[in-house]
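Protein chains in written order, with my numbering: chain A, 1 to 318; chain B, 1 to 321; chain C, 1 to 571.
The reader is advised that the hints may include incorrect statements.
[To be verified] Straight-line distance between alpha carbons at most 25 Å, and here's what the computed DMTMM-like set of lysine to aspartate or glutamate pairs gives:
#, chain 1, residue 1, chain 2, residue 2
1, C, 248, C, 277
2, C, 248, A, 89
3, C, 395, C, 352
4, C, 186, A, 46
5, C, 186, C, 230
6, C, 393, B, 90
7, C, 341, C, 382
8, C, 395, B, 90
9, C, 389, B, 90
10, A, 158, C, 283
11, C, 158, C, 195
12, C, 186, A, 49
13, C, 395, B, 86
14, A, 158, C, 315
15, C, 427, B, 86
16, C, 389, B, 86
17, C, 427, B, 90
18, C, 393, C, 432
19, A, 100, C, 283
20, A, 100, C, 277
21, A, 100, C, 251
22, C, 158, C, 230
I should point out that these hints are in silico values taken from the structure, not numbers from a laboratory.
This structure is a prediction, so every number in the text was calculated from the model and none was measured.
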Amino acid sequence: MTRYVLRRLALSVVTLFLLVTIVFLIVNVFPDDPGRRIAGPFAPQETVDLLNERLGADDPLPVQYGRLLRSTVTFDFGDSFQFSRPVGDLLWAALLRSAKLVALGLFLTIPISIAAGVFAARRRNTSADRSVVTLGLASSSIPDFVSGVTLQYIIGVKLGLLPVLAVPPRGAGPLEELEYLLLPAFAIVVVYFGYIARMTRAGTIQALDADYTRTAVMKGLSTRRVLSRHVLRNALQPTVSVIGTSVGYLFGGLVALELIFNYPGLGSLIYTAASRKDIPLLSAAVILVGIIYMVFTLIADLIIAWMNPRARLEAAGS
Amino acid sequence: MNIPLPDPASAAAVVDEQAEVAAHDELILAGTPVGTKTFDTRAERRQARKERLQLLIRRPGFIVGVLILAVWIVCAIGGYRITPYDPINDFARPNLPPGSGGHILGTDQLGRDVLSRVMAGARDVLIAAPIAAVISVAFGSLFGLLMGYYRGWLDDVLSRIIEALLSIPVILVALLITTVLGSSRLVVVGTVALLFTPIVTRTIRAAVLAEAQLDYVTSAKLRGESGFFIMTREIMPNITGTMVVELTVRIGYAVFTMATLSFLGAGIQPPSPDWGLTISETYRLIQSGQWWPTLFPALAIASLVIATNLVADSIEAVVTT
Amino acid sequence: MDFRVFDRARRQVGPLQLDLVESYAQGKVSRREFVRRGTVIGLSLPFISAIISACGSDDGGTSGTTGTGGGDTTAAGTDTTAAGSGTAGGTIKIAAQKPVSVDPVAMQDLGGYGLVAQVFEFLVTLGENGEIAPGLAASWEPNEDGSVWTFNLQPDVKWQDGTDFTSEAVAATMDRLVEAGQSGLKGVITAGAVDSSDPTKAVFTLTGPNGNFPYLVSVFNAQTPITPVDYAIGTTLDQNSNGTGPWKLVDYNPSTGARFERNDTWWGGQTLLDSTEFQFFDEIGTMVTAMQGGAVDAIVQFQVIGGDALLNSPDFTVLEVESSTHRQIWMRCDTGQFADKAVRQALAFTFDREQMVETLFRGRASVGNDHVIAPFMEGYDDTVPQREKDIEKAKQLLADAGVTNLTATLHATAAFQEIPELAQLIKSGAEEAGINLEIALESLDTFYGAQWCPAEPPDPPCSGAAELGIVDYGHRPTPDVFLNAALFTNGVWNSSQYSSPELDAAFKEYQAAVGVDAHQAANKKIETILNEDVPVGLPYFYNYLSGNSTNFQGVRVSALGQMFLEKASQV
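Isolated chain A, as found in the complex:
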């Protein structure tokens, strides 16, 4: 197991290096003059040049690349071009908000999706099964910004049951904060329910058909015991993998929901930084999301390895 983890960590470092390189290439493709952007269109060229020198935007590309690599190691990306304050301050605040929303969203999504998936698998090819699959497909084929606005309008504005925006007022307690996060979390449920439920269903069907399940049933074990002991352990492996990879996506990909609920998380931070060419902020945010992604896929793989000793052995041996 240790060898497996070490190998995975080593591979992650390689991936991180590649990611930083790709990010560097991307941000330098944007044609830009940060000094001009900050100083405005009418500022004299000397002011702009001075700013660019201060920001290091004039340095040769290899120097900038080196700086970015160093920044990744120390995680000190300097000051944001746009907000003239340390990138870290902005990033951690956004990370914390994203973490809260993602945690609540998954907390709500995972149990009902897995329950629905197992339920559908056990009633395979019945109308109940088809309803779960079709509902899942339908809900997840509607873009998140549409389901977000719809929930906001019906539950927030028309019925007045929940706050329409996600940011709680100053000094709100944890419970109140939770209440504010519910609507966007529901939108996450709508998008991810179908995905996770279908995955669970597919995994469960496969496990139910497997030889070990038949053996267990023939041994006369109760359905409940078969399910919990044999089926779920195997059936949920792909689900765990999916959830692990989704976390990274949720941290950086909820741009639309964050805009709609005015919740300044990592997704909208990346959007703002990219559209305003705030290179230090953009690079740092994208690298952070990449690291989160890698960490959670690693965690998911470790859980799967723990659930499936054979995979662990093979992985260590490879």
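Let chain A serve as the given structure and place chains B and C on it in line with the hints.
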């Protein structure tokens, strides 16, 4: 049978949050290879194909899926000739609710007929989405075959690159591409294909990995067949099912992704009645109670995704039996 | 007419002011325009009233804005029903655009304007009628040709740190603006323009006569609030918020919002509210939802499309301000398919302006006539014939010019207010005349950086612009910036590359025009030339929409995102 080991690449994340379902659909296939023997004669293959087709048309899911697709194909071919109004240039009163003034599904913010726009929108969707899906599956299969068959350093390097690519937020890729290339239908199709290729690659690679360990591949190697021959003649026929599922699933997700790109300002250009574009143009009207210009194209997308999945699921089920 | 008052008035005032009084007496300018113009050139309100009553005329010209439709619309963006008379105490929560920059000198966005204006004040502020009124300057007067302006500062004004406000800060602020190349003041003043030897007076010596100068140091030139002497270019509101204004900044987070508390030592008196909270948004649509859902009490700006819910709500007071905010459909005049004037005219004849005003704004806009003089502007000449949709005429023009199968790309910004919808209406109209337009909606960066006014080639500015596109222009009380930047030969935003000696001469004439007659004559020339040459199509000027919950009153707004809350209160 078992899920293949959680290799970092095969467990890698998805840009499109739906993709893993497809990956898993494929995993099932990979684990239960499509006949562990190759078909001996052409006649046998033809016979097998015929049997599968018969199985297919007996499945209600397949029929429903095909019917829905047929409706949209008719709309796409008929285009502006069969819509009740000109979907682009007929301006009635804006924001008429469904059923009023001869507009069954109402009018949008500029007074155009929603029904006509949904019908005409099928054309844009049915052209762009399949092309993007075909491109991603073609490239994904190519890389997947190479990585899964040869493994070694090629696999290691490409796997790392794929993982790094997948960890970059879609938003950044979309903004980057439109900044550099502008936004046109071609760019949209290319972007979606680019976003999907790593995911498809991963799926195909996993399938190839499973196949490559089987006896028929080993014996082909012993016979001294070239790598190219083994990949195209031996492995490919056995992962065709995976490729077909992947293709149909990707078509559905392509529609969704194009809608998201439109939301980010990187999509198809107006006044196209493309569903995704229409949704991103009108979803803001929901908050003023004008839900119809958004809901109907959203339902159209959902129906298309469901239909392609019904077809894909049926194909998968038939292929694996 | 009471001639005694007139004779006394003639003796009191300078030549610039006298010209206006005479023009009014002769009926050449409306009362509305007399009041506005009088304020600009430094006539006091009592003096203006005296003249008006002496003339005894009432030509009905009242304040510029009328309210229509649902909600409770008030004139000139000012809910004056009970300003200053509500309950004391409380906090107002405001939905505002997320500021891009809060550097008073360099900011370019409405979000920044609105925030900075809470703490820092202008020499000339927003009056009750939506026009300019005395701010940090209690009064002002020009010399005889309008080239030297003296601003007499309010007495007893203190910075929030307790030090005295003097003309030294005015001089320092103006020098910073000159150094930063502020768009309105560029070419009007140079470094060291302000004489601050008398701490109670700021004396501006301009580079030439300018009859509109007070506008350039008013709320309508949003980067000109007076900041302390120790401010520098690049200092931002959150780094130094030591202003003279009614509110103190107590908390600022660039991604979430800002909080202000009452400044007890404000020279203007006590505000009724204890504090104000600005919540930042990326999207106007989300702001509307927040307003609807009761998450905020006021909204700095919203749009008609997507804003129906607010316009029709009984719990919402609409603040509507007539503004010169508009879109220009620029067409390259020097090269490409639109170089022939007839082609440009043809496209302009395909605009269905009435439909645009109705569909995009539900009538809350006024039809434009392809020139930048808005109907409410001083000296607007309404005798230039209005261009109407005329497809036959457009076809004729194209045929005469020998143009067939005209196909062009119409560039515009994606997801920016009503621009995508406008592009579709333009395309549809053009099609009727056989012009095929391909719409290209682009990200802000691509559009401004590559289509509208690319940095390369730098000389002349914007010479790398696309041949056709839609660009947005924010509100200005006078057309100076529109003319100077977008239409003057080699102007910095001249994306149509229009170069007309006639227009340049007319603009020079307009700038130097200090008298009422000269002003109107210059305007007429500008309108006629632009309407004929059509370097830009200009289909409408639309009203700025803002508003607050009916639980509050006394909120005032400018069309530049500034919300004035010193007289606001809970009902």
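Here is what the structure says about each hint:
| no. | hint | result |
| --- | --- | --- |
| 1 | 248/C <-> 277/C | 11 Å, holds |
| 2 | 248/C <-> 89/A | 24 Å, holds |
| 3 | 395/C <-> 352/C | 15 Å, holds |
| 4 | 186/C <-> 46/A | 17 Å, holds |
| 5 | 186/C <-> 230/C | 23 Å, holds |
| 6 | 393/C <-> 90/B | 22 Å, holds |
| 7 | 341/C <-> 382/C | 23 Å, holds |
| 8 | 395/C <-> 90/B | 21 Å, holds |
| 9 | 389/C <-> 90/B | 17 Å, holds |
| 10 | 158/A <-> 283/C | 21 Å, holds |
| 11 | 158/C <-> 195/C | 20 Å, holds |
| 12 | 186/C <-> 49/A | 20 Å, holds |
| 13 | 395/C <-> 86/B | 22 Å, holds |
| 14 | 158/A <-> 315/C | 14 Å, holds |
| 15 | 427/C <-> 86/B | 14 Å, holds |
| 16 | 389/C <-> 86/B | 21 Å, holds |
| 17 | 427/C <-> 90/B | 13 Å, holds |
| 18 | 393/C <-> 432/C | 12 Å, holds |
| 19 | 100/A <-> 283/C | 22 Å, holds |
| 20 | 100/A <-> 277/C | 24 Å, holds |
| 21 | 100/A <-> 251/C | 23 Å, holds |
| 22 | 158/C <-> 230/C | 15 Å, holds |
Figure legend: structure checked against the earlier numbered hints; every hint is met.
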